[in-house]
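Asks: One letter stands for each residue in the lines below.
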Amino acid sequence: GVTQSPTHLIKTRGQQVTLRCSSQSGHNTVSWYQQALGQGPQFIFQYYREEENGRGNFPPRFSGLQFPNDSSELNVNALELDDSALYLCASSPGTGANGYTFGSGTRLTVV
Amino acid sequence: GIQVEQSPPDLILQEGANSTLRCNFSDSVNNLQWFHQNPWGQLINLFYIPSGTKQNGRLSATTVATERYSLLYISSSQTTDSGVYFCAVLNRDDKIIFGKGTRLHILP
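Going down the list, the protein sequences come from chains E and L.
Counted from 1, the first sequence has number 763 at position 66 by the working numbering; the numbering is strictly sequential.
Counted from 1, the second sequence has number 397 at position 24 by the working numbering; the numbering is strictly sequential.
Please keep in mind that the hints were generated in silico from the structure rather than gathered at the bench.
Just to be clear, a hint being listed does not mean it is correct.
Residues of chain E clear of chain L, computed beta-carbon distances all greater than 12 Å [said to hold, decoys possible]:
no., residue
1, 765
2, 770
3, 778
4, 803
Listed next, the stretches of chain E that the computed footprint assigns to chain L, with coverage defined by at least 3 CB atoms under 8 Å from CB atoms of chain L [as the list claims (entries may be wrong)]:
no., region
5, 712-719
6, 734-747
Everything numeric in this text was worked out from a predicted model, so none of it was measured.
Just so it is clear, CB atoms sit at the ideal spot from N, CA and C, and this is done for glycine as well.
Work the whole structure out from these sequences, hints included.
Replies: Structural data, given as structure tokens:
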């Protein structure tokens, strides 16, 4: 399946954070989502074969990478209190039309 | 962009009852998935259903793409069915858009 690390993280406002995701075997599309408490997940961005191929309404301080082994990172700079959320990673074979598999998420708390 | 609306937002039922969750979407979609989010945050895929009807045990789903809605049926509810159910559509750019979810509480 899709694995994410770490599971929980506490950071101070202004710091930077890197979250990691290992895609399901054979999946070359990975996407990231932010889920605030009580809300549905919001699309951050998506990578296909190491290139970003879509981005939601998030500022440039949210950035990402996809590696040749299809694993991925989400980086957030200059953390704000409102960045506290569950961050979910999902992977899919091909373009995503065959469905996505989600990881368990990383719960980030910014204090 | 495409809008995804789920209803009802909250649902409280007694164990053994049946329920129907609805998802309306505002534009044509390439795919639709139903997820159950457990208390630990994991999104469990229930159905991948761009059109038609599928069944898996006590759960079934129907999507009528031409009328832009999908229904998730849960029969003989159990306390373990509690949680948040999300409908998510794949828009024309193959990006997932989630609804706000239906929070289901099954009472013993």
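Asks: Could you run down the list of hints and mark each one as holding or not?
Replies: Now for the hints, and whether the structure bears them out:
1. 765: holds, 22 Å
2. 770: Label holds. Min Cβ-Cβ 19 Å, cutoff 12 Å.
3. 778: At about 20 Å from chain L, residue 778/E clears the 12 Å cut-off, so the statement holds.
4. 803: violated, 9 Å
5. 712-719: Answer violated; 0 residues pass the 8 Å Cβ test.
6. 734-747: The restraint on the region 734-747 of chain E holds, since 6 of its residues have a Cβ under 8 Å from chain L and three suffice.
Of the hints listed earlier, those the structure fails to meet are numbers 4 and 5, in rising order.
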